[in-house]
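A.B. asks: Spelled out, the chains give:
Number of protein chains: 2
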Amino acid sequence: MNERVATEIESWVERIRRGDPKAISRAITSVENRNGRVRELLQAVFPHTGRAVIIGITGSGGAGKSSLVDAMTSALRKQGKTVGVLAIDPTSPFTGGAILGDRIRMQSHYNDPGAYIRSMATRGSLGGLARATLEAALVLDAAGKDYILVETVGVGQDEVEIAKLADVTLVVLVPGLGDDIQAFKAGVMEIADIFVVNKADLPGADRVEQEIEAALSLNVAAQPDAWRPPVVKTVATRGTGAEELLETISGFIAFSKANGTWDERRQRVWRVRLLELLRDRLLQQVTQQLLGDAALNQYASSISKRTEDPYAVMDEILEKAGWHGTAN
Amino acid sequence: MNERVATEIESWVERIRRGDPKAISRAITSVENRNGRVRELLQAVFPHTGRAVIIGITGSGGAGKSSLVDAMTSALRKQGKTVGVLAIDPTSPFTGGAILGDRIRMQSHYNDPGAYIRSMATRGSLGGLARATLEAALVLDAAGKDYILVETVGVGQDEVEIAKLADVTLVVLVPGLGDDIQAFKAGVMEIADIFVVNKADLPGADRVEQEIEAALSLNVAAQPDAWRPPVVKTVATRGTGAEELLETISGFIAFSKANGTWDERRQRVWRVRLLELLRDRLLQQVTQQLLGDAALNQYASSISKRTEDPYAVMDEILEKAGWHGTAN
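These protein sequence lines map, in sequence, to chains A and B.
The first sequence begins at 19 in this note's numbering and counts up one residue at a time.
The second sequence begins at 19 in this note's numbering and counts up one residue at a time.
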């Protein structure tokens, strides 16, 4: 990195640390697009991170996650805390507008310098979604936000991956949606630190709570001294229950810091991330140094036509790279 | 690979090629668990693959995908075609039973040697789901199945990844589910080669069809000479529409073979897969040779405590590995 770039990065990081929304936005855009000096930026930002609490909010469409994030932001701001919001939208060209529309609800915080709100459009690669979320959270962390609320769309495996990055994970349910479109699937029950039954003024809220309790009691894998996810009822559009939710979150943080799971979880996040970084860099070096795009397409074509097999091709490439490890 | 192992693999592959369900099941279990001689097996199986047509079936829970797969299997069997079914269940301990229950519907094919049906329980790693699906499809392909139906649960980014492996992708919708829990999100519209409106005897089927058409006409990215996904209506529980669906699938296959996109898509699948294989192997070698589990945890701990940064750690590990490429 030459001196000019180093100076630029330094001043960019300074502006991020002062909470300059433009500098933050530019950093998150770089993270999304993997462009520019994103690695240098993140490396420079990293020592200024680790302080923020990352809260993941997941649940089916229609559960009112955006309203809940809005209500939590208001409640945190009232306590004098600063907030960063990342709304993770695996956008489709068909729905980009609709999802963007949801964000308009957050306009109540638009002129508040203590709240930074950002939709992340992360179409495409899978691991990329979790990676970009983690890196964007680092930027907001360095920008001094006390709490980073990461809101995911839907409840799939990718949301589970994103939730694993969070220090605290909320799973939001509502009365009236069928079981199979709720969180009772795809490993979502297991990731909840706290359940939120939103729209709790609708009929059936008690039944949802009972179903959660019933499902939790089926979890034979749970350790006796482990945290048992509590259920908090909210009516997010009116702000009802937001303060109780924040108290419950504080309770979870205190619990997991005391029993060591807080640090364990953060360590696990970085273990996974480090392996990803290594894997991507190794691949990048092999492809850049030994395997141009044309060669790669040629191999893929031979494989898809069955004139070569992928394992033999892999050995061939690794041989060229000077790697002679044991095959597996 | 020593001679004994080679002989074992050879006889295993022979049994798979004769369609022996036990040999197939054992191979798919090995693929799921990454255990035993899975690499050797897949390498031996590979030259006998490439003939089967892989059909991906995705759509929300409650869309009747299992019934549709059942109806398609029956219709294909009537045509004398052999069928392999892979039902991809990212299982939760809470719902394992329910999803397994769905599979019971497929019991009509239980005693039919021309139909092999398998639920794949693939909790855990994300890319692993797509990888295992592709490898299980290779096994069924080598076993001589004419059609491999890959049914996913739900409509998330992981389903999109799985759908990308298929030669033909069906997106299943039903009347009466709200837009935001249907496929009009998360890039699912774009992956459809054919839309199926199932439960078409329910009110609102025409409206769903109109919504699909409206959404398709918004897709400005579509090339004028590209395939425009047709909509087929079915009542899968009665088998209604299954034959029309198979005809539409044949039409798509003929179209994409004629314009070259068939080969292009298969080449793209193998390009991605080859890069994944390379990436995983490179990482495996670095971690095995240079970075034990304890060292990895130590690094992750230092990073999470911010005493080291992940990029510097990565450079350090790569340096040890003798890699000195350009950083990025």
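These aren't lab readings, by the way, just hints derived from the structure by calculation.
Don't take every hint at face value.
Each pair may be met inside one copy or between any two copies, as identical chains are not told apart.
In silico lysine to any residue, SDA-like type, Cα no more than 25 Å apart, as pairs [as the list claims (entries may be wrong)]:
id, residue 1, residue 2
1, Lys40, Ser320
2, Lys96, Arg36
3, Lys275, Pro248
4, Lys96, Glu282
5, Lys338, Gln302
6, Lys338, Gln241
7, Lys182, Thr25
8, Lys338, Gln307
9, Lys99, Arg324
10, Lys251, Arg22
11, Lys251, Thr67
12, Lys275, Leu309
13, Lys40, Arg69
14, Lys182, Arg149
15, Lys323, Gln61
16, Lys323, Val249
17, Lys99, Glu294
18, Lys251, Ala339
19, Lys40, His66
A.B. asks: Compare the structure with each hint and give your call.
C.D. replies: Checked hints:
no.	hint	in the structure
1	Lys40 x Ser320	neither (48 Å within a copy, 31 Å between copies)
2	Lys96 x Arg36	within (21 Å within a copy, 70 Å between copies)
3	Lys275 x Pro248	within (17 Å within a copy, 55 Å between copies)
4	Lys96 x Glu282	neither (31 Å within a copy, 56 Å between copies)
5	Lys338 x Gln302	both (15 Å within a copy, 18 Å between copies)
6	Lys338 x Gln241	neither (49 Å within a copy, 40 Å between copies)
7	Lys182 x Thr25	neither (35 Å within a copy, 43 Å between copies)
8	Lys338 x Gln307	both (10 Å within a copy, 19 Å between copies)
9	Lys99 x Arg324	between (59 Å within a copy, 23 Å between copies)
10	Lys251 x Arg22	neither (53 Å within a copy, 62 Å between copies)
11	Lys251 x Thr67	neither (32 Å within a copy, 53 Å between copies)
12	Lys275 x Leu309	neither (47 Å within a copy, 28 Å between copies)
13	Lys40 x Arg69	within (22 Å within a copy, 54 Å between copies)
14	Lys182 x Arg149	both (11 Å within a copy, 21 Å between copies)
15	Lys323 x Gln61	between (43 Å within a copy, 15 Å between copies)
16	Lys323 x Val249	neither (54 Å within a copy, 31 Å between copies)
17	Lys99 x Glu294	neither (33 Å within a copy, 42 Å between copies)
18	Lys251 x Ala339	neither (57 Å within a copy, 52 Å between copies)
19	Lys40 x His66	within (18 Å within a copy, 56 Å between copies)
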